[in-house]
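For the sequence shown, the numbering used here gives the first residue as -1, with consecutive numbering after it.
Think of the hints as simulated: they come from the structure by calculation, not from any bench.
Even for Gly, the Cβ is constructed at its ideal location relative to N, Cα and C.
A couple of the hints might just be wrong.
[Claimed, not checked] Simulated DEER-style distance windows between Cβ atoms:
1) 9 <-> 36: 15 to 25 Å
2) -1 <-> 30: 20 to 30 Å
3) 52 <-> -1: 31 to 41 Å
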Amino acid sequence: EKSAKKVGGWAVVFAILGMIFTAWQVSENPDGIFASVCRLSMTIVGCVLKVLLLPCKFLCGKAGGGGHHPISSAPDYREPYRGRGGMMEMA
């Protein structure tokens, strides 16, 4: 039990130092290998969570009738500012 606490404590310290080092690398070199691996791992974790929570989404998510709204169905708020033919009028 004592050795388990010791190993767990060192694992927490190592994890915190690793997170700090990764954050520093991402801020200093956003196109580097650490940033790429961090983005990849976050994408994989997100994908796995979506797959694991898919049954819950089908059971609970469809009850409200909500869903995905494509951007093409959103109104174009820029239209009043475009003028005729898409050209801006100079006054």
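Broken hints, numbered, in rising order? The structure breaks only hint 2.
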